[in-house]
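Those protein sequences? They're chains A and B, same order as listed.
Following our numbering, the numbering of the first sequence begins with 116 at its first residue and continues without gaps.
Following our numbering, the numbering of the second sequence begins with 296 at its first residue and continues without gaps.
Honestly, I wouldn't trust all of these hints.
Result set (DSBU-like, lysine-lysine): computed pairs, CA atoms no more than 30 Å apart in a straight line [stated by the list, open to error]:
| id | chain 1 | residue 1 | chain 2 | residue 2 |
| --- | --- | --- | --- | --- |
| 1 | A | Lys204 | B | Lys300 |
| 2 | B | Lys449 | B | Lys403 |
| 3 | B | Lys349 | A | Lys277 |
| 4 | A | Lys204 | B | Lys435 |
One side only, chain A facing chain B, incomplete, derived with CB under 8 Å [claimed, not checked]:
| id | residue |
| --- | --- |
| 5 | Gly120 |
| 6 | Ala121 |
| 7 | Arg128 |
| 8 | Tyr135 |
| 9 | Lys204 |
| 10 | Glu205 |
| 11 | Val206 |
| 12 | Met207 |
| 13 | Val208 |
| 14 | Ala209 |
| 15 | Pro210 |
| 16 | Val211 |
Don't read these hints as lab results, they were simulated from the structure.
Where is the CB? At the ideal position from N, CA and C, for every residue including glycine.
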Amino acid sequence: MEDLGAVFILWLRDLKRYWYDKPRIVASLGQPLLFLFVLGSALSPSFQGPKGVSFTEFIFPGILCMTILFTSVFSGMSIVWDREFGFLKEVMVAPVSRWAISIGKAFGGASVAFLQGMIMLSLSVLVGVRFSLPVLLTSLFVMYLIAFAMSALGIMIAARIKEMEGFQVIVNFLIMPIFFLSGALFPLDHLPAWLTFMTRIDPLTYGVDLLRGTMLNVHSFPLTLDFLVISFFAVVMLAIAVIEFNLLD
Amino acid sequence: MEAIKVESLTRKFNGLVAVDAISFSVEQGEVFGFLGPNGAGKTTTINMLCTLLKPTSGVARVGCCDITKEPNKVRREIGIIFQDPSLDDRLTADDNLRFHGYLYHMNKDVIERRIPEVLELVELSERRKEIVKRFSGGMKRRLEIARGLMHCPKILFLDEPTIGLDPQTRAHIWDYVLKMRKESGLTIFMTTHYMQEAEVCDRIAIIDHGKIVALDTPAKLKETNGESTLEAVFLKLTGRQIRQQAGESAWTQWMRRP
Numbered sequence: 116m117e118d119l120g121a122v123f124i125l126w127l128r129d130l131k132r133y134w135y136d137k138p139r140i141v142a143s144l145g146q147p148l149l150f151l152f153v154l155g156s157a158l159s160p161s162f163q164g165p166k167g168v169s170f171t172e173f174i175f176p177g178i179l180c181m182t183i184l185f186t187s188v189f190s191g192m193s194i195v196w197d198r199e200f201g202f203l204k205e206v207m208v209a210p211v212s213r214w215a216i217s218i219g220k221a222f223g224g225a226s227v228a229f230l231q232g233m234i235m236l237s238l239s240v241l242v243g244v245r246f247s248l249p250v251l252l253t254s255l256f257v258m259y260l261i262a263f264a265m266s267a268l269g270i271m272i273a274a275r276i277k278e279m280e281g282f283q284v285i286v287n288f289l290i291m292p293i294f295f296l297s298g299a300l301f302p303l304d305h306l307p308a309w310l311t312f313m314t315r316i317d318p319l320t321y322g323v324d325l326l327r328g329t330m331l332n333v334h335s336f337p338l339t340l341d342f343l344v345i346s347f348f349a350v351v352m353l354a355i356a357v358i359e360f361n362l363l364d
Numbered sequence: 296m297e298a299i300k301v302e303s304l305t306r307k308f309n310g311l312v313a314v315d316a317i318s319f320s321v322e323q324g325e326v327f328g329f330l331g332p333n334g335a336g337k338t339t340t341i342n343m344l345c346t347l348l349k350p351t352s353g354v355a356r357v358g359c360c361d362i363t364k365e366p367n368k369v370r371r372e373i374g375i376i377f378q379d380p381s382l383d384d385r386l387t388a389d390d391n392l393r394f395h396g397y398l399y400h401m402n403k404d405v406i407e408r409r410i411p412e413v414l415e416l417v418e419l420s421e422r423r424k425e426i427v428k429r430f431s432g433g434m435k436r437r438l439e440i441a442r443g444l445m446h447c448p449k450i451l452f453l454d455e456p457t458i459g460l461d462p463q464t465r466a467h468i469w470d471y472v473l474k475m476r477k478e479s480g481l482t483i484f485m486t487t488h489y490m491q492e493a494e495v496c497d498r499i500a501i502i503d504h505g506k507i508v509a510l511d512t513p514a515k516l517k518e519t520n521g522e523s524t525l526e527a528v529f530l531k532l533t534g535r536q537i538r539q540q541a542g543e544s545a546w547t548q549w550m551r552r553p
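Only chain B is shown next, with the shape it has when bound in the complex:
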């Protein structure tokens, strides 16, 4: 069964086409990678699928329902870790999770049971009563992941979940996410700039200038393009030109790494 089905999804901003009639589907329990250079349309696509942005045209079903016709039903079934921080850092970790539970109409008892569970998962149990402002970047990210999983979503969206984190934290984050997938059959839709991370995906779509230029398993992508690494495939398909977009520095730094 399909967890996500997208047909000719398009979004324009003042005449500029950010996402150009893309179509794809994601199976239930699949880890689906969405790769592309900065400004290719990844976040715009995620925002549409999460009902934060209305498509200019096209249709998409996420979980049970159509994203424009029944956004509230879609919202119940998804969890999302945004690219930018989205915690209330003046509240405690506990408060942030409880807030989330109420917003998702969770029962009070279920909330109190889930909070220690998800905190345990991301190893933040001891920081439960601490104000989030005092957390490090990695801890904040882990808390966001705990929060995204709090209401047991069926589909999890991860928009560059590991950006700016050290390799230890990145490895941990993937451990949690893949554990969740194994235990509960979670469907994962993720974007990343780290090609090693993309290797864990069942299938990968490469998007550039708002269009999907390739969609296959990592092994097949390497095979058909005659390259030995995903990174080489990515550069072959999207070119070496640096994109004029805010946030490109992180990418160029990563490219120049020794």
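Chain A on its own, in the form it takes in the complex:
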């Protein structure tokens, strides 16, 4: 159980790197804010939302998921940078079980993404979304769960790609589709059949639905199903990441 110290310090490292790099915290809020206010305001007049929810309110949980998705996947994938800059060797040569490395990293990435999500969440006041305390606490829990699942996905990817060149490919062909197909920006009902299919195989769809259901009580699937799918995805991704780390030379 002495490997818990390693899990703790890997987690703390990610938080410290996040804390020291304040310009990045501000910079990475730019994109979600642009989506929320420009897209939100532009499309609100033509949006027929369920239960009188405005478009800006509707996409707010989706934009939260977007912030969490990008921050957590990139944090998980920072292992590629660690390899490139040599720091991974320092970790790999230490007397630490390989599982502790992937788990510490998963919590680190999840926590950083969660904090970033909290900053976005605090802007909910501007959008006019109000929560009761139980809803707020449930939302925070759901956000951490999504962050953890996506951070594990990032680690799983990082264990596979050996060079930074592969990074952009992953972003364009995996991360962007995960975001756009998740229903973060549009309702999942009345879509063409192919798009319906694509949205259903996107794990983040269930995360967005769960968060939107929690916050606005607007959802397309039973919330229990959402919860089970996203938890299952988190466990599977983490398991693959741990196995891959054990195989690393």
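Since the structure of chain A is provided, determine the placement of chain B on it from the hints.
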């Protein structure tokens, strides 16, 4: 007693033999030099002994244990300064050392006591709270040495620890390392391209094309080869041909120095 014992250690990469059935042993408290041209197999050997790379065949014991059977026990006993930088330069010097302490299962109190000690040793005490990115190349190297010594290893691996550093810093680094050896009986396994540095070794192995071509004390090596300097011995044993390997420029520059 032997600190390192290697028998027929071999590593192949896609059929190419990088290290070819080498055998040697290093005594406890010895400074053992591992010299060879670029691409001779030095770093591959170090990576195997440090449990970062699995041997294709052969056995090696480092400290108490076998490198493939009990890698975690080996990892506890060794410290390593890698050839390439391996610090997290977005964290402070302090953070880097504390991180290392936790990875090596050190007690919290011991970590807080050791950090100022090792920083003092490499004269970086005043930079403790500074982000490593702002450090010069020499300071980063000194911090890596402090980190390698942080958990009081029994065996220290130094893979070209002084490459790219000015003569002042190089002299300082050897001062620390030799001081550590004197004070704590540290065993040192090092590679270098600087032949003056190799003179401090108790024994030297010269490796070329994955095989050990000579192994003796610096004095004996000079004597048996009838040369007056280690450099001449080295060139005699490994030839004058430049090796087709990345990183050779530093070596050729050094050779052409006035």
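Hint by hint, which ones does the structure fall short of?
-> Going through the list in order, the structure violates no hint and respects every one.
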